[in-house]
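Generate coordinates for the entire structure from the input sequences, incorporating the hints supplied.
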Amino acid sequence: MSDELSAFVAKAKESLIASKLLADNQLYDFAGSRAYYTMFYIAEAFLWQQGFSFSSHGAVIAKFGQEIVKKGIVPLEFHRYLIDAQDKRTQADYNIDAEVKLSQGDVQKLIEQGETFIEWAENVLLNG
Numbered sequence: 001m002s003d004e005l006s007a008f009v010a011k012a013k014e015s016l017i018a019s020k021l022l023a024d025n026q027l028y029d030f031a032g033s034r035a036y037y038t039m040f041y042i043a044e045a046f047l048w049q050q051g052f053s054f055s056s057h058g059a060v061i062a063k064f065g066q067e068i069v070k071k072g073i074v075p076l077e078f079h080r081y082l083i084d085a086q087d088k089r090t091q092a093d094y095n096i097d098a099e100v101k102l103s104q105g106d107v108q109k110l111i112e113q114g115e116t117f118i119e120w121a122e123n124v125l126l127n128g
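Numbering (UniProt numbering), first residue to last: 1 to 128.
Don't read these hints as lab results, they were simulated from the structure.
Quick caveat: nothing in here was measured; it's all calculated off a predicted structure.
Quick reminder that beta carbons are idealized off the backbone N, C-alpha and C, glycines included.
Don't take each hint at face value.
Cut-off 20 Å, straight-line C-alpha distance, at most; resulting in silico cross-link-like pairs (EDC-like, lysine to aspartate or glutamate) [claimed, not checked]:
1) Lys20 to Asp97
2) Lys20 to Glu119
3) Lys109 to Asp24
4) Lys71 to Asp3
5) Lys109 to Glu67
6) Lys11 to Glu119
So the derived label-pair ranges between C-beta atoms look like this [claimed, not checked]:
7) Ser55 to Val124: 38 to 48 Å
8) Glu115 to Leu76: 28 to 38 Å
9) Gln26 to Trp120: 25 to 35 Å
10) Glu67 to Asp24: 14 to 24 Å
11) Thr116 to Lys70: 19 to 29 Å
12) Ala7 to Asn127: 16 to 26 Å
13) Ser53 to Asn25: 27 to 37 Å
14) Ala98 to Glu67: 17 to 27 Å
15) Asp3 to Ile73: 32 to 42 Å
16) Gln104 to Asn127: 30 to 40 Å
17) Ala98 to Ile73: 33 to 43 Å
Next comes the structure, spelled out in structure tokens:
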């Protein structure tokens, strides 16, 4: 794995650790946001590997679907995880209504999906 790919994976792992720490402290909105970044950095790694780099989250997610998932490089379920996580991150980061905060269950699901995505991606990136 190149230094750049290693850096993306390292950022993803750090985000996952941060997400767990925040969840352990019942800071679920912030934990959900970090869980999203876990998956976002992995998506960026796959795009970088194919020669793509974007500054907007929407562009990363769209191109990840078009160039990585549709070509069969990454299973469709991981694109769905990323889209759902982005929705939760947007909710967590921008909504101040206490009734729509992320729950422990929401965050646990995002963390589990992030763990699955990292584990799968690291194996592919290391052996690819």
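Q: Could you tell me which of the numbered hints above are not met by this structure, giving the numbers in increasing order?
A: 1, 4, 5, 7, 8, 10, 14 and 15
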